[in-house]
Amino acid sequence: MTVQRTDVVIIGAGHSGLAMSRRLTERSIDHVVLERGAVAHSWRAERWPGLRLLTPNWQTRLPGGGYQGDDPDGHLAAAEVAELLAHYARQIDAPVQQQTTVEQVRADGDGAYSIQSDQGGWNARSVVIASGANSVPHLPDCAAALPSTITQVTTRDYRGPTTLPEGGVLVVGAAATGAQLADELARAGRRVVLSVGEHVRLPRDYRGRDVFWWMDRSGVLDERFDEVDDIVRARHVPSPQLVGSAERRAVDLAALRELGVELVGRLGTVRDGVALFSGGLANTVRLADLKAERLLDRFDAWAAATEAPVDAAVDAPHRLEPTQVDPSPRLMLDLQKQGITTVIWATGFRPRYDWLDVPVLDAKGRVRHEGGVVDAPGLYLLGASLLRRRRSTYIDGAAQDSLELAEHLAAHLQSSPRESALAAGPALV
Amino acid sequence: MTNSSCSPVKPPSVTLRNPPSRNVTMLDARARAGLPSLQPPHARPAHAAHDCRETTMSTTTAPVDNGVNSDALLGARDALRESPAAAQFTWRATSEWVRGTHSKQTIDRFIGLGAEQQHKKAFVLEGDHPEVFASEDHAPTPVETVLAALAGCLTAGVAAVAQNRGIQLRSVTAVVEGDHDILGILGGDPEVRNGFNDVRVTFDIDADASKEDIAALVAQSQKRSAVFDALTNPTNVTVSVA
Ligand SMILES: Cc1cc2nc3c(=O)[nH]c(=O)nc-3n(C[C@H](O)[C@H](O)[C@H](O)COP(=O)(O)OP(=O)(O)OC[C@H]3O[C@@H](n4cnc5c(N)ncnc54)[C@H](O)[C@@H]3O)c2cc1C
Numbered sequence: 001m002t003v004q005r006t007d008v009v010i011i012g013a014g015h016s017g018l019a020m021s022r023r024l025t026e027r028s029i030d031h032v033v034l035e036r037g038a039v040a041h042s043w044r045a046e047r048w049p050g051l052r053l054l055t056p057n058w059q060t061r062l063p064g065g066g067y068q069g070d071d072p073d074g075h076l077a078a079a080e081v082a083e084l085l086a087h088y089a090r091q092i093d094a095p096v097q098q099q100t101t102v103e104q105v106r107a108d109g110d111g112a113y114s115i116q117s118d119q120g121g122w123n124a125r126s127v128v129i130a131s132g133a134n135s136v137p138h139l140p141d142c143a144a145a146l147p148s149t150i151t152q153v154t155t156r157d158y159r160g161p162t163t164l165p166e167g168g169v170l171v172v173g174a175a176a177t178g179a180q181l182a183d184e185l186a187r188a189g190r191r192v193v194l195s196v197g198e199h200v201r202l203p204r205d206y207r208g209r210d211v212f213w214w215m216d217r218s219g220v221l222d223e224r225f226d227e228v229d230d231i232v233r234a235r236h237v238p239s240p241q242l243v244g245s246a247e248r249r250a251v252d253l254a255a256l257r258e259l260g261v262e263l264v265g266r267l268g269t270v271r272d273g274v275a276l277f278s279g280g281l282a283n284t285v286r287l288a289d290l291k292a293e294r295l296l297d298r299f300d301a302w303a304a305a306t307e308a309p310v311d312a313a314v315d316a317p318h319r320l321e322p323t324q325v326d327p328s329p330r331l332m333l334d335l336q337k338q339g340i341t342t343v344i345w346a347t348g349f350r351p352r353y354d355w356l357d358v359p360v361l362d363a364k365g366r367v368r369h370e371g372g373v374v375d376a377p378g379l380y381l382l383g384a385s386l387l388r389r390r391r392s393t394y395i396d397g398a399a400q401d402s403l404e405l406a407e408h409l410a411a412h413l414q415s416s417p418r419e420s421a422l423a424a425g426p427a428l429v
Numbered sequence: 001m002t003n004s005s006c007s008p009v010k011p012p013s014v015t016l017r018n019p020p021s022r023n024v025t026m027l028d029a030r031a032r033a034g035l036p037s038l039q040p041p042h043a044r045p046a047h048a049a050h051d052c053r054e055t056t057m058s059t060t061t062a063p064v065d066n067g068v069n070s071d072a073l074l075g076a077r078d079a080l081r082e083s084p085a086a087a088q089f090t091w092r093a094t095s096e097w098v099r100g101t102h103s104k105q106t107i108d109r110f111i112g113l114g115a116e117q118q119h120k121k122a123f124v125l126e127g128d129h130p131e132v133f134a135s136e137d138h139a140p141t142p143v144e145t146v147l148a149a150l151a152g153c154l155t156a157g158v159a160a161v162a163q164n165r166g167i168q169l170r171s172v173t174a175v176v177e178g179d180h181d182i183l184g185i186l187g188g189d190p191e192v193r194n195g196f197n198d199v200r201v202t203f204d205i206d207a208d209a210s211k212e213d214i215a216a217l218v219a220q221s222q223k224r225s226a227v228f229d230a231l232t233n234p235t236n237v238t239v240s241v242a
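Protein chains in written order, with the working numbering: chain A, 1 to 429; chain B, 1 to 242.
Keep in mind that the hints were calculated from the coordinates and are not lab data.
It is possible that part of the hints are untrue.
Capping the alpha-carbon separation at 27 Å, the derived lysine-lysine pairs in DSS-like fashion look like this [said to hold, decoys possible]:
1) Lys120/B <-> Lys104/B
2) Lys211/B <-> Lys223/B
3) Lys223/B <-> Lys364/A
4) Lys291/A <-> Lys211/B
5) Lys223/B <-> Lys291/A
6) Lys121/B <-> Lys104/B
Kindly generate the complete structure, drawing on both the sequences and the hints.
Right, dumping it as structure tokens:
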């Protein structure tokens, strides 16, 4: 089989891979983007139809592109994100080879990488992993203990309230996705029990501005990975309980409770068809309230100290109502007796690296890297939570992350020119 | 919806009272804390001001000493992340029946950091039932020992978190109460569970910190408390006969 040669192979044509492609084009670095599906595959195939970004349109910024419509404060639907990225790929003329699944990447001795796909092989001096951080739904072990009469759905496979069997729904996990699905299902008239572990409460708006305006301006999103107290913990902080909606609706626990969603503690285990929940709900709620308060304190301190006349542009500081939960929430739920027919696992995702044959994974299967510079020369990672800064967690982070990593990558190519490879003659294997 | 009678686990509700300005002798938190002495496999330079960016802490510049070695704990955390096998601990108590409801538990050895470990000396706890249970009351009831363990664990957590956040503690007291319907254990009512129906912890903390920071301290100590977790979450327990 022929092996094609290029300087850089980018794996994945989501926004991260495309942003990197743009940066390499800016530097005239030869590269290819390999994508197992179509551009923005994850937004087409792995998100539910009702999903909207929780970040405002103005924040869907990409190098040389991004949102250019007339509703900067709106929120794109999943299909619109896919459309935006497909447009972006054309706009930046990204060399994407679609329907090409990377099956193996290994270091090939002379400082290059050999990339095998179902459409042939590549030899490249550098590889950018942009295959997504949200590939495989992560389920707790007790999923296996659920009775077979219960329908289990991951958030990757969920396709809306009408696609679920009739009856009550237990949503496990109260990050953005769990909170949004509890909201969507309760509005569709379902009985919903939401199992809440550690979570992040944020108001949609604060002092008359979107919370992302505050995070963007005040520098919260620019906090770097090497400035954060405990980076492992920080990278595992759940996404905030926010939803994008025209009416700027809240999906925090108070709002969900008002909709009739029953809040219970973290799912501990399932025994004999009975789900057992933690009795620590009050504390997780308290922690989230305290954390939200600290963030608002930080916004206020920034607004008071900043040179720009911010205080004039925003309302007076105020504080959030403490979240009320049942002082004795349910600790057991007999699923069948209580009419629960579906369990939705909104318990997060893990990346998938089974194709990565370079020894850069730690004991937990995470890529070892310093701000995206992987522990193997020429290997880079893009599109992971808090990769280089808090902003990296969002689409908006790719612009700067890709700029900085492309600079590192270019220096790597410079310092290890492909002499030996050239001397080896045409690469026909 | 409340569902207390059949609950497998009950939430200890932890509440806070405002710190009254009382003078209590400062306790040696290290002695109280019962923290395992985690010697990091490779010591890490002690950094004077631990980064508390996430927690907007008091801006005290005087060195805070709650008798907790934060740097050792943080160093151990980082080191154990690298060698997770060493983080696997097995705690152990041995027990011997004395007479009636009276028994003695000895706590001496445990496994951790990849080796058999030993306390500085063997500690002995005892369990019995009070006279109202027609017992001889030689020692606390085991359920009371559970409450004591919860207080010990949360208090250790308060001291450790305070140290890490640069908060000087002056006194930390707590009252722990557990509501218990004994018809359960007597087999008098099949609807009643054997364990606690409700556990309440009330802390009284005098410290150089705002009310909010103290509340955050207590919340964080619950978040990282092994006994709080053991009481609030289901755990597999296997009892066998050797
Ligand atoms: C439910 C949900 C909601 C989110 N909402 C927001 C939001 O509101 N705002 C925000 O900023 N961020 C949001 N995010 C976070 C983040 O922006 C998205 O996860 C985004 O899709 C990540 O982009 P990416 O390019 O890094 O990865 P992906 O979009 O996952 O792209 C990776 C690409 O790699 C391809 N690929 C994977 N493996 C291979 C392989 N072996 N060979 C070839 N190709 C491969 C995939 O097909 C995919 O197209 C959300 C995430 C989720 C899961």
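Against the structure, the hints come out as follows:
1. Lys120/B <-> Lys104/B: Measuring from Cα to Cα gives roughly 19 Å; hence the hint holds.
2. Lys211/B <-> Lys223/B: Roughly 18 Å separates the two Cα atoms, so the pair holds.
3. Lys223/B <-> Lys364/A: holds (22 Å)
4. Lys291/A <-> Lys211/B: holds (15 Å)
5. Lys223/B <-> Lys291/A: Distance ~13 Å between Lys223/B and Lys291/A Cα, so the pair holds.
6. Lys121/B <-> Lys104/B: holds (16 Å)
When held up to the earlier numbered hints, the structure conflicts with none and fits them all.
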